[in-house]
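One line per chain: the protein sequences are Z and L, in this order. Under the numbering used here, think of the first position of the first sequence as 1, with each following residue one higher. Under the numbering used here, think of the first position of the second sequence as 854, with each following residue one higher.
Just so you know, the hints here were simulated from the structure itself, not pulled from any lab data.
Simulated restraints on C-beta separations:
1) Z/Ala380 <-> L/Gly872: 47 to 57 Å
2) Z/Asn469 <-> L/Arg1084: 43 to 53 Å
3) Z/Arg295 <-> L/Pro897: 25 to 35 Å
4) Z/Ile334 <-> L/Gly899: 56 to 66 Å
5) L/Gly970 <-> Z/Asn469: 12 to 22 Å
6) Z/Gly335 <-> L/Ser898: 52 to 62 Å
7) Z/Leu14 <-> L/Gly872: 23 to 33 Å
8) L/Gln937 <-> Z/Val832: 25 to 35 Å
Computed list of lysine-lysine pairs in DSBU-like fashion (alpha-carbon distance at most 35 Å, straight line):
9) L/Lys992 <-> L/Lys972
10) Z/Lys714 <-> Z/Lys649
11) Z/Lys848 <-> L/Lys984
12) Z/Lys107 <-> Z/Lys345
13) Z/Lys458 <-> L/Lys994
14) L/Lys972 <-> Z/Lys772
15) L/Lys1074 <-> Z/Lys848
16) Z/Lys848 <-> Z/Lys461
17) Z/Lys159 <-> Z/Lys53
18) Z/Lys107 <-> Z/Lys182
19) L/Lys994 <-> Z/Lys772
20) L/Lys992 <-> Z/Lys848
21) Z/Lys461 <-> L/Lys992
22) Z/Lys345 <-> Z/Lys182
23) L/Lys994 <-> Z/Lys848
24) Z/Lys107 <-> Z/Lys159
25) L/Lys992 <-> Z/Lys458
26) L/Lys888 <-> Z/Lys848
27) Z/Lys527 <-> Z/Lys597
C-beta: ideal position from N, C-alpha, C; glycine also.
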Amino acid sequence: MLAASLKGLSERKLRTALTAFAVVLGVALISGTYILTDTISRTFDGVFTQVTKGIDVSITPRKAFNDTNQGGSPPAFPASVLDRAKAVPGVERAAGGVFDQASVIGKDGDRVGAQSTPNFVASDEPAPFNPFRYVQGRAPSAPDEVAIDRKTVSDEGWKLGDRVKVLGRSAARTYTLVGVAKFGDLNSVAGAGIAVLTLPEAQRVLDKVGRFDSIDVKAAPGVAPAQLAERLRRALPGSVTVRTGTEQARQDSKDVKEGFDFIKVLLLVFAGVALFVGAFMIFNTFSITIAQRTRELSILRTLGASRRQVLWAVVGEALVVGFAASVVGLFAGIGLAPALEALFKAVGAELPSGGTVIEARTVVVSLVVGTLVTLLASVAPAARATRVAPIEGVREGATLAPGRAARLKTPAAIALSLLGVALLLFGVLGGHSGGAALGPIGGGAALLFLGVALVSSKLVKPLSTGIGNPLESAFGVTGQLARENAIRNPGRTAGTSAALMVGLALVIFVTIFAAGLRHSIDQAIGKSVTAPLVVENKDGWSLIPGSTAAAVGRVEGVSGTSSIRLAPGKVAGAGSTDGITGIDPATFSQLFHLEWKKGSDSTARALTDTGALASESWASSHDKHVGDRIVVRTQSGREVPLTITGTYKNNAHSLGDLTVTNPVMERDFAQRQAQYILVGTKPGADVGQVKAQVERVLDARYPTAEIVTKDGFKDTQTKWVNGILSFFYVLLSLAVIVSLLGIVNTLVLAIYERTREIGMIRALGGSRRQVKRIVRYESVITALIGATLGTVLGIFFAIVASRPLASEGFSLSFPVGTLLLLLVLAAVAGMVAAIGPARRAARLDVLKAVAYE
Amino acid sequence: MDAPLIVSAVDVHRRFGQGETAVNALDGVTVGFPKGQFTAIMGPSGSGKSTLMHILAGLDRPTSGSVAVDGVELPELDDRRLTQLRRDKLGFIFQFFNLLPILTAEENITLPMRLAGRKPDPAWLDELIAKVGLADRRKHKPSELSGGQQQRVAVARALLTRPAVVFADEPTGNLDSKASEEVLQLLRGAVDDYGQTVVMVTHDPSAASFADRIVVLKDGKVVSEGPAGDRSQVVDLMREVA
Chain Z
1 MLAASLKGLS
11 ERKLRTALTA
21 FAVVLGVALI
31 SGTYILTDTI
41 SRTFDGVFTQ
51 VTKGIDVSIT
61 PRKAFNDTNQ
71 GGSPPAFPAS
81 VLDRAKAVPG
91 VERAAGGVFD
101 QASVIGKDGD
111 RVGAQSTPNF
121 VASDEPAPFN
131 PFRYVQGRAP
141 SAPDEVAIDR
151 KTVSDEGWKL
161 GDRVKVLGRS
171 AARTYTLVGV
181 AKFGDLNSVA
191 GAGIAVLTLP
201 EAQRVLDKVG
211 RFDSIDVKAA
221 PGVAPAQLAE
231 RLRRALPGSV
241 TVRTGTEQAR
251 QDSKDVKEGF
261 DFIKVLLLVF
271 AGVALFVGAF
281 MIFNTFSITI
291 AQRTRELSIL
301 RTLGASRRQV
311 LWAVVGEALV
321 VGFAASVVGL
331 FAGIGLAPAL
341 EALFKAVGAE
351 LPSGGTVIEA
361 RTVVVSLVVG
371 TLVTLLASVA
381 PAARATRVAP
391 IEGVREGATL
401 APGRAARLKT
411 PAAIALSLLG
421 VALLLFGVLG
431 GHSGGAALGP
441 IGGGAALLFL
451 GVALVSSKLV
461 KPLSTGIGNP
471 LESAFGVTGQ
481 LARENAIRNP
491 GRTAGTSAAL
501 MVGLALVIFV
511 TIFAAGLRHS
521 IDQAIGKSVT
531 APLVVENKDG
541 WSLIPGSTAA
551 AVGRVEGVSG
561 TSSIRLAPGK
571 VAGAGSTDGI
581 TGIDPATFSQ
591 LFHLEWKKGS
601 DSTARALTDT
611 GALASESWAS
621 SHDKHVGDRI
631 VVRTQSGREV
641 PLTITGTYKN
651 NAHSLGDLTV
661 TNPVMERDFA
671 QRQAQYILVG
681 TKPGADVGQV
691 KAQVERVLDA
701 RYPTAEIVTK
711 DGFKDTQTKW
721 VNGILSFFYV
731 LLSLAVIVSL
741 LGIVNTLVLA
751 IYERTREIGM
761 IRALGGSRRQ
771 VKRIVRYESV
781 ITALIGATLG
791 TVLGIFFAIV
801 ASRPLASEGF
811 SLSFPVGTLL
821 LLLVLAAVAG
831 MVAAIGPARR
841 AARLDVLKAV
851 AYE
Chain L
854 MDAPLIVSAV
864 DVHRRFGQGE
874 TAVNALDGVT
884 VGFPKGQFTA
894 IMGPSGSGKS
904 TLMHILAGLD
914 RPTSGSVAVD
924 GVELPELDDR
934 RLTQLRRDKL
944 GFIFQFFNLL
954 PILTAEENIT
964 LPMRLAGRKP
974 DPAWLDELIA
984 KVGLADRRKH
994 KPSELSGGQQ
1004 QRVAVARALL
1014 TRPAVVFADE
1024 PTGNLDSKAS
1034 EEVLQLLRGA
1044 VDDYGQTVVM
1054 VTHDPSAASF
1064 ADRIVVLKDG
1074 KVVSEGPAGD
1084 RSQVVDLMRE
1094 VA
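Construct the complete structure from the given sequences, taking the supplied hints into account.
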């Protein structure tokens, strides 16, 4: 029977190839993702092992808690730790260093590298500890000298001796380029620009005078690193972590890799979507071919083939297709990995890579998943094939009797849909934290898709009529024939359009959600920011030096400034927070309108260094009220007692869960940088002129900062939404492409079935063009059914997903224009999918179609 | 025999395949079909009768020779013009797959006109539908009609455009004798009442006896041409040429 399967495959090359392609795409995305992320991991493992080679023990700050918020760099520890370390017996050498985010200013006056990659300043370290290798020049030895990573130097076209500006926690300063550095073997670390300065200068620039971010230790001969680490651990305060060099390399690599983990998860989710859509296509293709082969199967049964053999003939075909496609997909992944890398590069995340790492896991997962998906999708059609009775099917035009399962189909489909909705709601509203909610949400969405796909065969007729009637009015008989063709086999049309429905529902979901995000941020800024001008980092999210505010405040026409700062914090007995905001109480209320729940603008003005304001949502979920005393733990482990004096509504997360004064930010949270600075203008001052003057000051001293109007601020704060949206579009387009291939496949199969009908239409005077139109319009109808269902589901998903965010000021906004455009695009995609099949139909030899043996 | 010819073929050859294995399906056929007459093309299997009809109807092209329908030379036409000719001047009735299963009886009848972008004359449509006895079956799908009814729909469809000639390819090949008789009576009536020209390919002597003339083909050549006569005369004729 396997021989029969194989023969069947080779005879239907096009169909097989199209079906296989759906699997190839999904599997390629899986293997490409693994290959890319494994290659990155291997690269980082190698680099960190290499750069910590001379380090026996490494001392780093201990974070009081893990946070995922911005604004928290690990708290540096006092330089005195170095002296205590040096006093420990067995320490031959020890040196302290600093390393933190800063900006290297490129020729365009902005930070070097991509917008989303940070820059760093590192202190030069003595010989055995230095991670940098100088490929040109030397290490900096004077306060006005700098060495820069090789990638940045070549990107900017700098030469030794050039003057380069570096900006840290205070105004920018100009340095002479004396060295070009490699980080281990890498030209750069993930595309981040790095400036190496002398230790005192790096400490000054990073505002860490008298403090270190790390101490590297070399053990005396005969002292094992582990042993020395143990001694140091006992001798040093609890605010530092002591690791051997090997442990540190592993830790560093792990930290960096964790940053990339979301990439892996994200890409695998999209691979899953593509395969899910592919499964629809496989199911559909197998269903149609089995219907067409009823006669052949019946003859096999008449000749003595058992049901089991028929089942295996079909399943065997699926196995062969699935496995072959998975193998091709696995290898296609090798080619896809660089493309994915380029995609990330396009959105600004440069990933280091060298060589191609193919783990056994990649091979196994790719082959198993691809084959399994194909197999699962073919089970139902295979089961149906076994119901072909001997002789019965030999009759001309025999169709399969619906099985017992058919009667249960609609109730089952409705049950599936409801279960999907329930899971979805459970996932979204169940109050799970991040990852835990993904399972029920993904599973719920998949079940809902399946349920709707099954139910949709009942919707094909009304939808086709709704879409087809205008086509008939516009194009006459060809429109009518297209509509009737779409209706004649509702299950088939439903299955084909369901694949497109899945991709489109997700596209529409992210579109609506993104529009909602933009709208909410716009609204929140519109309502809350009353300052005419805002100073922020050019990238829209990085911090700017705290001293920027004072410099801007001195500009003619500026009435006052108010800095907004951000730091991570944890409240004792109340879990983590969404960040702590720092404000200047004296000027805040003049430039920012807070939607008060308890309190008023005077509450803000009266905020002292022992008081805090709390967001309503945080306060109510942790049962905190005005007058309550709380203790906030900082990243360095400091405990800050505060009393809540007021509560506010935190629209679109423009502030953190708690708000304190900037002096508290500085004293306890060591946060001297600003997230953004609100700038007020004097009555009568020309805002444009003030802006231009501030610009001059910023360009000269704070080149990474920019001043924008309130509307400009809205733009920069919503820009990232567009970036992420395009990224999602690119990945979702894979699923949409698979579903279009599904349309092509169904059309080709249908045309094969209708050879005689098409020949008859041609004999009766139908032109090639009319035949093409019939195929094309059927494709458009199919695509629009998918698009309509996809739009409904996409809107549903968006509404569900936005429910829990409503309390945070998230309001849905429907980009009607974009949604209509997507419908038009779906129709166009239908046309495109029909090009090949339509041409095939038009080329049919009339004579072959009407003549019979 | 004085009626003008509406369809004529002169020295038509049709070769299938190439070289050694080539088959001459038509080997120098010269034949004419007078206007307003019912002609049956007969011949044993493989005689080339279907090939001749396909070429006369512009569904296939001769290897050499000329074919003219209503004054138009077919071999000179490109696909677009041939399509137009079929649409405007020809009517077709096939043995199988005559109707689109997705259209109603009436929609099937009007299909060629609608493909041509024209509206049928409602009175003529009603008359035809009444004539083929389907007045109460207009809205039925083919699957709801008997084989004879389906074939009567095809007859009405072929006549609706008042074509220069109706080609019928074994129109009764798939029907029982009663249904066959009804269909042939309809074709006969179209010739007698409306002066319709009909060319029918058949191997059934009873069917051929409804025609005015019979053209007999054998091995790609015309071996006999003359008046039809009744069934026994046709049977004798066939025996004679065989």
